[in-house]
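> Letter by letter, the chains look like this.
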Amino acid sequence: MNKAYNSLELATLLNGHLEGEARPVTGLSSFQQPRQGTVVVVNNYEQIAALEHAPISALIIPESLKTESSQPHIQVGDTRLALAKLSAIFAPEFGTSATVSPQAQIDPSVKIGRDVNIAPGAIIGADSVIGDRSFIAPGCVIGQGVSMGKDCVLHANVTIYDGVELGSGVILHSGVVIGSDGFGYALNKQKAIKIHHLGSVVIADDVEIGANSCVDRGTLNATKIGARTKIDNLCQIGHNVQIGSDCLIAGLVGIAGSTVLGNNVQVGGGAGLADHLVVGDGAQIIAQAGVSKNIPAGEVWGGYPAEPFKKWMRKRYLVSKLEQIWQFVKGANKHD
Amino acid sequence: MNKAYNSLELATLLNGHLEGEARPVTGLSSFQQPRQGTVVVVNNYEQIAALEHAPISALIIPESLKTESSQPHIQVGDTRLALAKLSAIFAPEFGTSATVSPQAQIDPSVKIGRDVNIAPGAIIGADSVIGDRSFIAPGCVIGQGVSMGKDCVLHANVTIYDGVELGSGVILHSGVVIGSDGFGYALNKQKAIKIHHLGSVVIADDVEIGANSCVDRGTLNATKIGARTKIDNLCQIGHNVQIGSDCLIAGLVGIAGSTVLGNNVQVGGGAGLADHLVVGDGAQIIAQAGVSKNIPAGEVWGGYPAEPFKKWMRKRYLVSKLEQIWQFVKGANKHD
Amino acid sequence: MNKAYNSLELATLLNGHLEGEARPVTGLSSFQQPRQGTVVVVNNYEQIAALEHAPISALIIPESLKTESSQPHIQVGDTRLALAKLSAIFAPEFGTSATVSPQAQIDPSVKIGRDVNIAPGAIIGADSVIGDRSFIAPGCVIGQGVSMGKDCVLHANVTIYDGVELGSGVILHSGVVIGSDGFGYALNKQKAIKIHHLGSVVIADDVEIGANSCVDRGTLNATKIGARTKIDNLCQIGHNVQIGSDCLIAGLVGIAGSTVLGNNVQVGGGAGLADHLVVGDGAQIIAQAGVSKNIPAGEVWGGYPAEPFKKWMRKRYLVSKLEQIWQFVKGANKHD
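Protein chains in written order, with our numbering: chain X, -4 to 331; chain C, -4 to 331; chain E, -4 to 331.
Next up, chain X with everything else stripped away, as it sits in the complex:
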């Protein structure tokens, strides 16, 4: 059960200002499905008007909107940030029992911190270290010599190979695989000879990785993912890749071996990056782009093969003129 709140307390937590009656708040609901006693984040007058008679406890509105709504409302500077904060407040708690299940299979050498929760059916190999308050769900398989910081959450059926290092506050969703061998072979008379991957994977604090994504281990050194970087579902991070901090990588993205991303890089869904590239800080890659060249810091690239956004847009404009060009050429040839 979550703690009880009222809208005045929430206004304070959101650095906002409550107009109207302070009421108890039982949760967070949506504009489309407002639930009794909850707060609802809205962004425009239409949404405010539609909720005029909803049995909610308060609206959360941008301070830029001047409303005379009879609903109590909390004015905030950034409604999306308010949504994030409220979602944390009203998220169902889980893994709070802080027990290590006797039905988990944990090597006796594993060092387990305080208030750790390890579910039945989890398996942890020799010499691994699990930090305070970390949660390991059923079906997770953690190899030998894995180190995991504090406050990590491993959802069900995550696999961590031997020797991987996770910082604190790392969230791994179900089906994530960290530390599998990279796709590296030497060719000998057209036959692929496996290059065993002796490197590891190092994941910094507060990284979140979506369901069924994979991060391969490095050939000799570590594949690295920087602090607070978020990776969506079904992404492939190749061996030796180095990703900076605060990157956002959407679903079904593939980053091939040894490519380096700076900080604050954003990659749209389905994009692919070739191997051994360098992508500068703050670069943005459009969804489904096929990147085969280095991208300088701060640039936006799209297309297949990818190129700077303006160049790509100009090319698309010119291609849209092809009908006119073709009619002109046909006409000119007729005159000859």
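Calculated from the structure, these hints are not laboratory results.
Below, simulated DSBU-like cross-link-like pairs (lysine-lysine); rule was C-alpha separation at most 35 Å, straight line: (1) E/310 x X/329; (2) E/288 x E/186; (3) E/288 x X/306.
Residues from chain X that face chain C, not an exhaustive set, calculated with beta carbons under 8 Å: (4) 87; (5) 227; (6) 259.
No residue lacks a Cβ here, since even glycine has one placed at the ideal position from N, Cα and C.
Once you have looked at the hints, place chains C and E on chain X.
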């Protein structure tokens, strides 16, 4: 062991007509590898001729083909539909022992219907409900408060997060993850603040989802997949997505957050759909298209970025004329 | 603990020639992070010069480089092949305890070879056969009637459906799913009727498949993957697909149903192949290509839709001339 059939019974089950001798039928095999005593679905005279002396029990042929084959044959209106029916008849039965393994870890509060089969190594959280005749394979992890209808099949190593609702007849292949958090963050000084996902996932009757596909939970409301929709392997269905009924979504497709698909939509393999789009009933999206705009009902779109099919084909035609255009422009410039 | 080596022994194992002092070798490290007592593979004079004073045991250099480095060095014909051999020599050994865990759940009918290692939490169904020295990690679920050759490695949380056949030396990374149903339906009044997949999957010797990749079973016959073919992470191999030997398939590739690849085919990351295609021996497909036609043996194809490489490059060249073409057409129209 499957029930024994003969070809006359099968003709009745297929709404077809048997020409020739009724024989026992032990299974279904292929034109390339016909096995003794089986039925084989064929579609043309070459295949019929090639099987003239095969030791099979009957051919299944389209009623539009007039054949004098000496093989017994069952004429049917739709051979592909006949194939589907026969494949169900001769599919190996599994999970028929209808037992709940003592080596499954099931919270005492779970409500289990009749003739349910729960394999060793499956784990089911508190307050979940499992409908009659459902089958849960080894390694499946089902969270708390999950509801599952009748006749569901969860293959090995499926993960269902808390609160997800499955209808009846739902088939989830191995590695499927339902209910993971959506990829939603608020940016605060370039740092991503997690938006916890309080919504759920609701999957209607007779949906089938392929191996290692993911369906994220909604932010505040439910991500929804409509009745009889089929999703292939390695697909990503983002948070808040609404998919109608009878859709077919091929492998490696990504559908970004809050996008809405109508009924009977078909999406080719590797296609990607941006967020907050609306795709109308009966629309078709070509494989590997990159969809960044709404698609009206009934339209076929392809390309990157995707556009209406005819427009895309015209553009490809015009691009194929570029050599001619370029030679013309070069020639004209020479004359200047 | 790995066996101890010295650099003279390694030179022999690599078919190379040691110049300088023979020293004990404790491992393999990288040019960027040379570790004491290790060997380091280098490919140019800059790398050699940078390691002049590193406390390593020997450099591995191409025999084409004439160096006067004071470091002992082993000259080899192919440094990448040397890297592969060294990586195998210094790879951490695992699964060497050769025990069958009492906490694995193995049907009594399973035939287990010599020196097999089956981890706790693995589950193996009736009538399966596990070859000598094979290793099955925790969380693996192996169905009924599965046959597995010698020296296979199944990393954690792999799923093998009933009846699948694996050769010897097969490596499957975590989350791999082999034998799930293909995406095949018959449409009956716009409703998809499931075609049950009665075929199987046959994987030949020395195949390696990356994390979370999927191989669907055939409709009536087997989906096949030829000897020594390597498949990267998150790939989708559709039902009835036939892949030859010695193919290399990079990450996030999708191959749709019934497509046939010859031997020595290479497919770049993120590429998609439509169904029922034939790709000849030695063909190469560029990353993220969308292949919708057959590809003759030995050809290189790229683009969306894919076409022969030279044609694609020419098209890209012509598109880059569009600015000039457009200016010409605008100018000509002005003159009219």
